[in-house]
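Could you slot chain B onto chain A? The hints should help.
These are the residues of each chain, in order.
There are 2 protein chains.
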Amino acid sequence: MIYLDYAAATPVLREAVQAFQKLSTEVYGNSSSLHDAGGTSESILHYCRMKLAEMMSGEAEGIYFTSGGTESNFLAVQSILKGLPSGKRHFLMTEMEHQSMHILKRYLAELGYEVGVMKPDASGIITTDILKRHLRPDTGLVSIQHANSETGVIQPLAELSAFLHERDVLLHSDAVQTFAKIPVSVEQLGVDALSVSSHKVYGPKGTGAVYIRPGVNWKPAYPGTLHENGFRSGTVNVPGIGAFITAAERTVSGMDAVLEKHQKLRSYFFRGLRERRLPISSAVPDSPQLQVLPHILGCFFHSYEGQYVMLECNRRGICISTGSACSAGYHEPSNTMKALRIQREQALQFIRISFGSDTSKEHIDQLLDVFEAMNHEKGDHRIDRRSKTHGK
Amino acid sequence: MIYLDYAAATPVLREAVQAFQKLSTEVYGNSSSLHDAGGTSESILHYCRMKLAEMMSGEAEGIYFTSGGTESNFLAVQSILKGLPSGKRHFLMTEMEHQSMHILKRYLAELGYEVGVMKPDASGIITTDILKRHLRPDTGLVSIQHANSETGVIQPLAELSAFLHERDVLLHSDAVQTFAKIPVSVEQLGVDALSVSSHKVYGPKGTGAVYIRPGVNWKPAYPGTLHENGFRSGTVNVPGIGAFITAAERTVSGMDAVLEKHQKLRSYFFRGLRERRLPISSAVPDSPQLQVLPHILGCFFHSYEGQYVMLECNRRGICISTGSACSAGYHEPSNTMKALRIQREQALQFIRISFGSDTSKEHIDQLLDVFEAMNHEKGDHRIDRRSKTHGK
Numbered sequence: 001m002i003y004l005d006y007a008a009a010t011p012v013l014r015e016a017v018q019a020f021q022k023l024s025t026e027v028y029g030n031s032s033s034l035h036d037a038g039g040t041s042e043s044i045l046h047y048c049r050m051k052l053a054e055m056m057s058g059e060a061e062g063i064y065f066t067s068g069g070t071e072s073n074f075l076a077v078q079s080i081l082k083g084l085p086s087g088k089r090h091f092l093m094t095e096m097e098h099q100s101m102h103i104l105k106r107y108l109a110e111l112g113y114e115v116g117v118m119k120p121d122a123s124g125i126i127t128t129d130i131l132k133r134h135l136r137p138d139t140g141l142v143s144i145q146h147a148n149s150e151t152g153v154i155q156p157l158a159e160l161s162a163f164l165h166e167r168d169v170l171l172h173s174d175a176v177q178t179f180a181k182i183p184v185s186v187e188q189l190g191v192d193a194l195s196v197s198s199h200k201v202y203g204p205k206g207t208g209a210v211y212i213r214p215g216v217n218w219k220p221a222y223p224g225t226l227h228e229n230g231f232r233s234g235t236v237n238v239p240g241i242g243a244f245i246t247a248a249e250r251t252v253s254g255m256d257a258v259l260e261k262h263q264k265l266r267s268y269f270f271r272g273l274r275e276r277r278l279p280i281s282s283a284v285p286d287s288p289q290l291q292v293l294p295h296i297l298g299c300f301f302h303s304y305e306g307q308y309v310m311l312e313c314n315r316r317g318i319c320i321s322t323g324s325a326c327s328a329g330y331h332e333p334s335n336t337m338k339a340l341r342i343q344r345e346q347a348l349q350f351i352r353i354s355f356g357s358d359t360s361k362e363h364i365d366q367l368l369d370v371f372e373a374m375n376h377e378k379g380d381h382r383i384d385r386r387s388k389t390h391g392k
Numbered sequence: 001m002i003y004l005d006y007a008a009a010t011p012v013l014r015e016a017v018q019a020f021q022k023l024s025t026e027v028y029g030n031s032s033s034l035h036d037a038g039g040t041s042e043s044i045l046h047y048c049r050m051k052l053a054e055m056m057s058g059e060a061e062g063i064y065f066t067s068g069g070t071e072s073n074f075l076a077v078q079s080i081l082k083g084l085p086s087g088k089r090h091f092l093m094t095e096m097e098h099q100s101m102h103i104l105k106r107y108l109a110e111l112g113y114e115v116g117v118m119k120p121d122a123s124g125i126i127t128t129d130i131l132k133r134h135l136r137p138d139t140g141l142v143s144i145q146h147a148n149s150e151t152g153v154i155q156p157l158a159e160l161s162a163f164l165h166e167r168d169v170l171l172h173s174d175a176v177q178t179f180a181k182i183p184v185s186v187e188q189l190g191v192d193a194l195s196v197s198s199h200k201v202y203g204p205k206g207t208g209a210v211y212i213r214p215g216v217n218w219k220p221a222y223p224g225t226l227h228e229n230g231f232r233s234g235t236v237n238v239p240g241i242g243a244f245i246t247a248a249e250r251t252v253s254g255m256d257a258v259l260e261k262h263q264k265l266r267s268y269f270f271r272g273l274r275e276r277r278l279p280i281s282s283a284v285p286d287s288p289q290l291q292v293l294p295h296i297l298g299c300f301f302h303s304y305e306g307q308y309v310m311l312e313c314n315r316r317g318i319c320i321s322t323g324s325a326c327s328a329g330y331h332e333p334s335n336t337m338k339a340l341r342i343q344r345e346q347a348l349q350f351i352r353i354s355f356g357s358d359t360s361k362e363h364i365d366q367l368l369d370v371f372e373a374m375n376h377e378k379g380d381h382r383i384d385r386r387s388k389t390h391g392k
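So the protein sequences, as listed, match chains A and B.
full-length UniProt numbering puts the first residue of the first sequence at 1, with every later residue one more than the last.
full-length UniProt numbering puts the first residue of the second sequence at 1, with every later residue one more than the last.
If we strip away everything but chain A, and leave its shape as in the complex, we get (with noise of 0.2 Å):
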């Protein structure tokens, strides 16, 4: 099986997996527990908690762990709302959101917080302009992705903050596809808190983090919580968090040359298209100033629908998806494509293809000859039946 289906989830790597197993059997106490066995879970917590904040250029006491990204933008937004005067009801959103994201928003909106929602420009961008038409003298936090997992497309985050703080309004970024895959680094970027993921670093499921700059004033979602400094309940996981965060090291530090091989790997892919003469775009725009991530692909094979496309590369032993698998099984245009304006019959042609560390020439090779022969096929299966007809 050839696996291209990264930002998704990874496995974990031989380390990782070592560090889980050496915890969970030697280092099994309670990190809550007073006593000795529950002090060597606390001081390897507390590395964790370092080594994590180093990653991001963050201090450690901002480090809180969660069960997992989505975990972590529920905790991280509610916490911050909650420590806000009482007169900053109004949370800022982009529609290209994480689902966690539109889900959070239907509960903020029971609790009587009042919800915005932002569309992007048309390169899936949000700009100085487009915060101001939507920021309001209520508007206490926004939260915008690092990066679209479906399209890898980067926001100008530096430029957005510093917008963002000269009006006294904090920012929150889900940072789950571009932490450990590009520099993320809480200083540079100006965010205030920042929602991160093992899963998608080669560390195991079930663990993640949210970083809050400390000096942010906030409030524990859930009164009186006790642990991880009061941000969330629940015995904490020192065995997947020892396992994530060393995970989260080598992936960090191979994250230069792994960033190189991707940027390679992408043109290849584009190069191969064209050669092969596919009818397969981009989905993000050409546009020079546009960064993206590089092992990120969203595309949209046209006059194919995207689930058909997935499921007969599976047929052919490749994994590839059709968005964000936390939406997945769910036959409507995704967040992002809507929030990028794209019509319903090109949204439903959307796939993503998302490299990871193993991922080679040959991986793109067979998915090109994969497209190639679907695109020879002359099925029922196209949605466009003139197309067919034609013998486009």
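A portion of the hints provided could be inaccurate.
Copies of the same chain look alike in the list, so a pair counts if it works inside one copy or between any two.
[Said to hold, decoys possible] Quick list of in silico lysine-lysine cross-link-like pairs, DSSO-like style, CA-CA up to 27 Å:
no., residue 1, residue 2
1, K361, K88
2, K88, K105
3, K119, K132
4, K119, K88
Read the hints as simulated data drawn from the structure, not as lab findings.
Note that the structure is predicted; figures quoted are calculated from it, not measured.
What follows is chain B alone, placed relative to chain A:
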């Protein structure tokens, strides 16, 4: 080190670590992904759901995996409350619930629910009389722990659920301390919902589950939730769940033998206390009707603060605790002690010893030796200086 704090956390079974390892490196697909990598994860998840349901005599469709016991309690109670008719806004729980339930109590109050808290009778039991006094016409859900984490006292859930069902009230139970320790059958107990945790049954931290009887109306705590049939958001931790179920199966299959062994060790411990004339008494009232988890021994070491006893044991290589790890470090009588109406001074003398699969007579002997040595020392650490002066 002799570990006698199994009620706080257990080491992970080797078979469970192996399951985790295999699943993390070979079955890493996101279970929501529609390709084969995702499909394999989804099949394993389905198998785990079926197995866990079997272990509690429930139906697979009633199992929802979570990130642990605390989240199980949070989501079970909120989801069921949201599914109740609008006139049922009163929620009832006991004072001796786990810390997570007390946190939830405050959160529910913020959400506009009314929360009642019941004290047990003198022996720590919730009776139908107590329920009768607290039930209101608008009570929709009651939560009563299956067994207490500090005293091990088991509640007569079958009787209570029958009483509640006659009054059209649902019952949730936190079975984190009982699952895989004593038989837990949702059918026999008559509970409508149940919370369990992996790291109490020799599985990894970071996973747990809720059972909700199919037929009980519930709504997602977070509206629009997609994963776990709408119960919980976030990528499903299939490797963690696989390891949890592997551990649970082993623990359940060895349960009878361990239960018998723990009964004997419990008697051996209390006999040792008497023979050595140690001023240590059980926190469980002497009542033949009372059912108690044999592996949890809540005691008072008279004239010593529990914290001191715990640290002194730790210094001599034995891990015991002063109560629930989730409240450790907070030098106040626990909720359980308050519920049992134990005076502050005595409550602070509380210690908990909890046995696990590896606990032996030799461990008990060594613990008793430490207690005996402490009892012979006449340091400044005794709370009651008079006892010291009089040489008692």
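For each hint, the structure was consulted:
With identical chains, the CA atoms of K361 and K88 are never at most 27 Å apart, being 51 Å at best within one copy and 61 Å at best between copies. For the homomeric pair K88 and K105, the shortest alpha-carbon distances inside one copy (16 Å) and between copies (26 Å) are both at most 27 Å. Taking the shortest Cα distances, K119 and K132 sit within 27 Å of each other inside one copy (13 Å), while across copies they are farther apart (55 Å). For the homomeric pair K119 and K88, the shortest alpha-carbon distance inside one copy (22 Å) is at most 27 Å, but the shortest distance between copies (40 Å) is not.
In this structure, only the earlier hint numbered 1 is contradicted, and the remaining ones agree with it.
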